[in-house]
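Engineer: Here the protein sequences come in this chain order: V and S.
Position 291, counted from 1, in the first sequence is what the numbering used here calls 425; the numbers after and before it change by one each time, with no gaps.
Position 468, counted from 1, in the second sequence is what the numbering used here calls 739; the numbers after and before it change by one each time, with no gaps.
Calculated from the structure, these hints are not laboratory results.
Where is the CB? At the ideal position from N, CA and C, for every residue including glycine.
Some clues are possibly wrong.
A few chain V residues that face chain S, going by a derived Cβ cut-off under 7 Å, partial list only [to be verified]:
#: 1; residue: V148
#: 2; residue: G224
#: 3; residue: G256
#: 4; residue: P270
#: 5; residue: S295
#: 6; residue: C298
#: 7; residue: P352
#: 8; residue: I374
#: 9; residue: S388
#: 10; residue: P390
#: 11; residue: G392
Residues from chain S that keep clear of chain V, each with C-beta distances beyond 12 Å, as calculated [stated by the list, open to error]:
#: 12; residue: L399
#: 13; residue: F415
#: 14; residue: G418
#: 15; residue: I470
#: 16; residue: S623
#: 17; residue: S643
#: 18; residue: H644
#: 19; residue: H647
#: 20; residue: I653
#: 21; residue: W798
#: 22; residue: M818
These are the residues of each chain, in order.
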Amino acid sequence: MTSFRHVAADRLFVAQKRQRILARLRKDINALEGVTPDFGADDHAAPVSQKRQFSFGVEPLDRALGDAFNWRGLCELHSATARDSGALTGFLAAVLARHTHIFGGEDPVLWIAPHHVLCEAGRPYGHGLAWLGFDPARLLFIAPRTIGDALWICEEAAATSGLCAVVVDMRAPKAGIGLRETRRLHMRAARTGLPVFLLQQSVQLAATSAPLRLTVAPRPCANDVLFAESEQAVIRRGGIGPPGFGITLDKNKSGPAGNTYRMYWNPHDSCFFTPHNQSNRARSSGSFPGAQSANVERQVHADLGALSAISANR
Amino acid sequence: MLSVKSTRILALYLPYLPTDRTHRARYGGKWRACERADRPPLVHAHKHKNAMRIAHCDEKAARSGLRIGQGLADAKAAHANLDVVPANPEADKALMMAIADWCDRYTPLVAFDGPDGLFMDVTGCLHLFGGEAALMSDLLARLFDQGFCARAAIATNAGTAFAASRAGSHDATFVEPGAEAQILRPFGLSALRLDEALIAGLEKVGLKTIGQIMDVPRAPLTRRFGCLPFMRLDQALGQIDEVLSPRLPVPDFSSERRLAEPVGLIEDIERLVFSLGGQVQSVLAKKGVGARMMELTLFRIDGQVSRLCVGTSHPVRDPETIVKLFRERLKSLGDDFDAGYGFDIVRLNVLSASNFDETQGDFNDGAGPDKSHDIHTLMDRISARLGSNMMMQDQSGRANGSSVCVGRLEPHESHLPERAETYVPVTQRAKSAKPKSVKPNSAPPPHALGVRPVRLFDPPEPVDVVAQVPEGPPVQFRWRRALYRVERFEGPERLAGEWWCEDLVAKGTPAPRDYYRVEDGDGRRFWLFRQGLYGPRGGQEPPRWFMHGLFA
Numbered sequence: 135m136t137s138f139r140h141v142a143a144d145r146l147f148v149a150q151k152r153q154r155i156l157a158r159l160r161k162d163i164n165a166l167e168g169v170t171p172d173f174g175a176d177d178h179a180a181p182v183s184q185k186r187q188f189s190f191g192v193e194p195l196d197r198a199l200g201d202a203f204n205w206r207g208l209c210e211l212h213s214a215t216a217r218d219s220g221a222l223t224g225f226l227a228a229v230l231a232r233h234t235h236i237f238g239g240e241d242p243v244l245w246i247a248p249h250h251v252l253c254e255a256g257r258p259y260g261h262g263l264a265w266l267g268f269d270p271a272r273l274l275f276i277a278p279r280t281i282g283d284a285l286w287i288c289e290e291a292a293a294t295s296g297l298c299a300v301v302v303d304m305r306a307p308k309a310g311i312g313l314r315e316t317r318r319l320h321m322r323a324a325r326t327g328l329p330v331f332l333l334q335q336s337v338q339l340a341a342t343s344a345p346l347r348l349t350v351a352p353r354p355c356a357n358d359v360l361f362a363e364s365e366q367a368v369i370r371r372g373g374i375g376p377p378g379f380g381i382t383l384d385k386n387k388s389g390p391a392g393n394t395y396r397m398y399w400n401p402h403d404s405c406f407f408t409p410h411n412q413s414n415r416a417r418s419s420g421s422f423p424g425a426q427s428a429n430v431e432r433q434v435h436a437d438l439g440a441l442s443a444i445s446a447n448r
Numbered sequence: 272m273l274s275v276k277s278t279r280i281l282a283l284y285l286p287y288l289p290t291d292r293t294h295r296a297r298y299g300g301k302w303r304a305c306e307r308a309d310r311p312p313l314v315h316a317h318k319h320k321n322a323m324r325i326a327h328c329d330e331k332a333a334r335s336g337l338r339i340g341q342g343l344a345d346a347k348a349a350h351a352n353l354d355v356v357p358a359n360p361e362a363d364k365a366l367m368m369a370i371a372d373w374c375d376r377y378t379p380l381v382a383f384d385g386p387d388g389l390f391m392d393v394t395g396c397l398h399l400f401g402g403e404a405a406l407m408s409d410l411l412a413r414l415f416d417q418g419f420c421a422r423a424a425i426a427t428n429a430g431t432a433f434a435a436s437r438a439g440s441h442d443a444t445f446v447e448p449g450a451e452a453q454i455l456r457p458f459g460l461s462a463l464r465l466d467e468a469l470i471a472g473l474e475k476v477g478l479k480t481i482g483q484i485m486d487v488p489r490a491p492l493t494r495r496f497g498c499l500p501f502m503r504l505d506q507a508l509g510q511i512d513e514v515l516s517p518r519l520p521v522p523d524f525s526s527e528r529r530l531a532e533p534v535g536l537i538e539d540i541e542r543l544v545f546s547l548g549g550q551v552q553s554v555l556a557k558k559g560v561g562a563r564m565m566e567l568t569l570f571r572i573d574g575q576v577s578r579l580c581v582g583t584s585h586p587v588r589d590p591e592t593i594v595k596l597f598r599e600r601l602k603s604l605g606d607d608f609d610a611g612y613g614f615d616i617v618r619l620n621v622l623s624a625s626n627f628d629e630t631q632g633d634f635n636d637g638a639g640p641d642k643s644h645d646i647h648t649l650m651d652r653i654s655a656r657l658g659s660n661m662m663m664q665d666q667s668g669r670a671n672g673s674s675v676c677v678g679r680l681e682p683h684e685s686h687l688p689e690r691a692e693t694y695v696p697v698t699q700r701a702k703s704a705k706p707k708s709v710k711p712n713s714a715p716p717p718h719a720l721g722v723r724p725v726r727l728f729d730p731p732e733p734v735d736v737v738a739q740v741p742e743g744p745p746v747q748f749r750w751r752r753a754l755y756r757v758e759r760f761e762g763p764e765r766l767a768g769e770w771w772c773e774d775l776v777a778k779g780t781p782a783p784r785d786y787y788r789v790e791d792g793d794g795r796r797f798w799l800f801r802q803g804l805y806g807p808r809g810g811q812e813p814p815r816w817f818m819h820g821l822f823a
């Protein structure tokens, strides 16, 4: 009898010690990940909410942005010219799709685009956004007449709960969106924790109060270019390839700035990948989602020959 | 036994409206109070039957013997100091509409009666003014202060009221129910709303007063002059019903406040709107509906009426939201909002309402329903601030294209990419809202269309393309004055024209489009298409190339 009691007591003691060690380990991990533990919870209980971090999946970029990076507050995305607006919009759609993939939710996204921007760069197309992985049914679209109205709407929306993100798609006026306006937007957005994306096309870089500013440029990414830098020697033909972006960190409050990172987008798994890290690339027998009929490959073979002949004769 | 009809119709007649407009413009609204004896008679002139004739006279001119239709030269010869002003029918019409707007303070059922009269159905509002006599004296006094000469009559039906106001001996006439025949007897035939030719014909046979027509046997007169005289007579006597259609739709719910002291500040108006909203809320709650379109009517002391409309995407009942929406609307007016000397009547109308889904509140904060309520309020505030102030008469909720409103993208079945998607305002979508099905989170929504660009140009922009004829892909192209060399391409994807759409077929059989997805050396991707076919199938025109979109 007594031996049983001793054994039970020993077991209890060991269990308690294990719990204490586990709790301490959990606390350390949470501190490293930046998760605030739930006040009032028991020490041996896991934290109530596992906060997930946004990550691009591209290591150098994630390291530069820092571990506790979340899209809260104002973020500026630029493109050098108006013809790069496709890459800019595509990158934003990819980021929103990845945000949804990590954090979940079906909240709507408010897209504000003054009228003259729609004439120059085209309007956002729902089927194209769906092809990149972002559900266009979540889009609330509004086209105000002036930039002042657009900024007012953005400010009011940044103070509203229930939205996933606010996107202001604009071409900056000559005076530029300066420190004052961006600071005001950032303060409003940071208070509610809402990401506000300021897309500016073909603008000269001015001072801004946003904590993060990226410049987006397109990158070619045919399969032969993609595989050229990897170990795979087989060069496969088959069309244009996944969307590619060259992201330059112009301003980064939480890390180094100035570097350019090349990455490609995989809509099926909602993740980015680079030529060096192909593990996230979509595995499907050579065909990219949306590649055309079987005639494409043959036609590409025939005409790439013709193209190369033309380019050789240039 | 026939029940006595209890409707009371007020007919208002402004005999000198055009000349009163000129006098008001010259001397101000209170010109009748400070009448000057040495003012010359005033006439309005227009060209009629190839001569300048008198269109309208004022009282002094009418007393001196001038008549409408008289030649202007004769009139000027007879009265050397005659004051002549060109006639302006549009301004007269606008003034009549402003007076009809102003009469909204008595009753919402106001109908036009020709260019110089109004019918008002005052059946339900006599008690608000303390009886017919008080209403009439208030109306005539206010019109006199504004500078109009007015005559009015209240009767059970419109015909009698019309006749009494035109031909009656007093400025204000009250016709008891049942006394119509007696009142109408001595009046002339012009009080029966008959046209000139008919009146001349009746006078030729010796019928000059309504009493004579009442006594005459009907059949021979109807054979000669038609049924109109007797139809008008029966309408005047109340034996045939006459329906008045009000000029503005009557609101479902309404609440108003009459102020002893006029208010002009926006904060005071907002407070008034809050209290009116509270009154309307109780009425709406009893019926189980919420307001979708609301109108705030502000009556200024000097007669001008301002109307502010707001619409919402979902039914609204609580006064705070109503005040928020009207605050945005007032801000959007900005400098256009002129209170003058103040507003003395403020009225909140609910123009359209729809069923209100009651939700049971719980003790959690920040639950799901609150979020969507916030978004709805935000969209309504944006529409109120930046949208148009027009009252959307169309009950199906179609917003006009020029107003700014929040919308969603809805897919549409069409071959042409620019028509494959429509922009639907949120207000319309909320009316026909189906519960959104929950989609799986990670998979992109299924699409059967294939590769599509992120940005679309509408309409497509023409480009100059070098390509192999007839079916070759583009090799290089010039777009917006920049030259691009195609490194890679995918395609073609043929989208046939829509032969079943009438508006496209009217321009000829719609040509098919061959779409190419091309990439240049820098990695930019474009969506080009060639419209039309080479050879005899393509018709006379050679195919043309267009730029339709940009890819990521």
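Engineer: Now, for every hint given, state plainly whether the structure supports it.
Structural biologist: Okay, the hints, checked on the actual structure:
Evaluation of the V148(V) hint against chain S yields a violated restraint, the C-beta minimum of about 41 Å exceeding 7 Å. A least Cβ separation of about 2 Å between G224(V) and chain S falls short of the 7 Å threshold, and the interface hint therefore holds. Look at G256(V): its Cβ gets to within about 4 Å of chain S, closer than 7 Å, so that hint holds up. The beta carbon of P270(V) comes within 5 Å of a beta carbon in chain S, closer than 7 Å, and the hint placing it at the interface holds.
Because the closest C-beta pair between S295(V) and chain S is about 5 Å apart, less than 7 Å, the hint holds. Annotation: interface hint on C298(V) violated; nearest CB of chain S at approximately 11 Å, more than 7 Å. At its closest, the beta carbon of P352(V) sits 4 Å from a beta carbon of chain S; the interface hint therefore holds under the 7 Å criterion. Hint status for I374(V): holds, given a least beta-carbon distance of 5 Å to chain S, under 7 Å.
Given the 7 Å rule on beta carbons, the hint for S388(V) is violated: about 26 Å separates it from the nearest Cβ of chain S. Look at P390(V): its Cβ only gets to about 25 Å from chain S, farther than 7 Å, so that hint breaks. Violation of the interface hint for G392(V) is found here, the shortest Cβ-Cβ separation to chain S being roughly 21 Å, above the 7 Å cut-off. Interface exclusion of L399(S) from chain V stands, the closest Cβ pair being 41 Å apart, more than 12 Å.
Once the 12 Å rule is applied to beta carbons, F415(S) is consistent with being away from chain V; the minimum gap is 45 Å. With a minimum CB-CB distance of about 40 Å to chain V, G418(S) clears the 12 Å threshold, and the non-interface call stands. Residue-level check passed: I470(S) sits 56 Å from the nearest beta carbon of chain V, beyond 12 Å. Chain V leaves S623(S) outside its interface by the beta-carbon criterion, the shortest separation being 23 Å against a cut-off of 12 Å.
Non-interface call for S643(S) relative to chain V: violated, since the shortest CB-CB distance, roughly 6 Å, does not exceed 12 Å. For H644(S), the non-interface assignment is contradicted: its Cβ lies about 8 Å from the closest Cβ of chain V, within the 12 Å cut-off. Remark: the non-interface label on H647(S) conflicts with the geometry, its nearest Cβ contact in chain V lying 9 Å away (cut-off 12 Å). Not every C-beta of chain V lies more than 12 Å from that of I653(S), the closest at about 6 Å, which undercuts listing it as non-interface.
With a minimum CB-CB distance of about 9 Å to chain V, W798(S) fails to clear the 12 Å threshold, and the non-interface call is violated. Consistency note on M818(S): stated as away from chain V, yet its beta-carbon is not over 12 Å from all of that chain's, at 9 Å minimum.
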